[in-house]
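Chemist: Kindly generate the complete structure, drawing on both the sequences and the hints.
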Amino acid sequence: SPTLNIAGAAVNQVESGRIRLTEAAMTGSPYFQGGFIHYDGSANKLNIGVHPASNSTVGDDINAIQIARATGAVTFTGALTGTSGTFTGLTLTGSIDLQDDDKLLLGAGNDLEIYHDGSNSYVSESGTGALVLQSNGTAIVLEKTDGENMILANTDGDVKLYYDGSEKLATASTGVTITGALTGTSA
-4 SPTLNIAGAA VNQVESGRIR LTEAAMTGSP YFQGGFIHYD GSANKLNIGV HPASNSTVGD
56 DINAIQIARA TGAVTFTGAL TGTSGTFTGL TLTGSIDLQD DDKLLLGAGN DLEIYHDGSN
116 SYVSESGTGA LVLQSNGTAI VLEKTDGENM ILANTDGDVK LYYDGSEKLA TASTGVTITG
176 ALTGTSA
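FYI, in this note's numbering the residues of the sequence shown are -4 to 182.
Hints listed in this document are in silico derivations from the structure and should not be mistaken for laboratory results. Each residue gets a CB set at the ideal place from its N, CA and C atoms; glycine is no exception. Be aware that one or more of the hints could be misleading.
What the hints assert, rightly or not - As a list, the in silico DMTMM-like pairs of lysine to aspartate or glutamate whose alpha-carbon atoms are at most 20 Å apart: (1) K139 <-> D151; (2) K163 <-> E138; (3) K155 <-> E138; (4) K40 <-> D55.
Unchecked claim - Here are the computed distance ranges between Cβ atoms for each label pair: (5) G170 <-> I135: 19 to 27 Å; (6) T76 <-> G170: 54 to 62 Å; (7) S168 <-> I146: 47 to 55 Å; (8) T180 <-> G122: 34 to 42 Å; (9) T169 <-> I135: 20 to 28 Å; (10) L164 <-> G89: 37 to 45 Å; (11) D106 <-> T180: 32 to 40 Å; (12) T72 <-> I14: 18 to 26 Å.
Modeler: Rendered as structure tokens:
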């Protein structure tokens, strides 16, 4: 198969439309371990990928990056890692998997942080503004994972505070309703 030498490394083209960059020059039976660049005319995509196995089975190729010819859309397969980067119009499907103490940082000054420290979860506003929760729906609800209400703030309506799932205080247009005893202490 033809070989193209770039900066002393062997680049082997072993099948039509696919350029292989292997760890060592191929001798005898072709071994694909390394990387490749391939244009798939039937899917109209440029594939850049790796071949982790020491064999010549094209089915073992992993298309790590696919670039669509018509739109330029880029698809990544596997983990996307790095220390910095800028994406415009990023759309994700699936989950963002952040580990303990990894933070989702939002805002030009990273003013809003969402993270888990291994024991507790945090939504932290460290900028000069307020942390605002808004809803155009029926309510804002703080509840336990089993669905037990702790605070219920109904849109254009009452706000209710709960103790162990039991409503104890509710605002109304006429004032406040308290369920149970009201205890006061002097300062």
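Chemist: Hint by hint, say whether it matches the structure.
Modeler: Against the structure, the hints:
| no. | hint | result |
| --- | --- | --- |
| 1 | K139 <-> D151 | violated, 24 Å |
| 2 | K163 <-> E138 | holds, 15 Å |
| 3 | K155 <-> E138 | holds, 12 Å |
| 4 | K40 <-> D55 | holds, 18 Å |
| 5 | G170 <-> I135: 19 to 27 Å | holds, 21 Å |
| 6 | T76 <-> G170: 54 to 62 Å | holds, 56 Å |
| 7 | S168 <-> I146: 47 to 55 Å | violated, 19 Å |
| 8 | T180 <-> G122: 34 to 42 Å | holds, 36 Å |
| 9 | T169 <-> I135: 20 to 28 Å | holds, 22 Å |
| 10 | L164 <-> G89: 37 to 45 Å | holds, 41 Å |
| 11 | D106 <-> T180: 32 to 40 Å | holds, 38 Å |
| 12 | T72 <-> I14: 18 to 26 Å | holds, 19 Å |
Hint violations for this structure: numbers 1, 7, all remaining hints satisfied.
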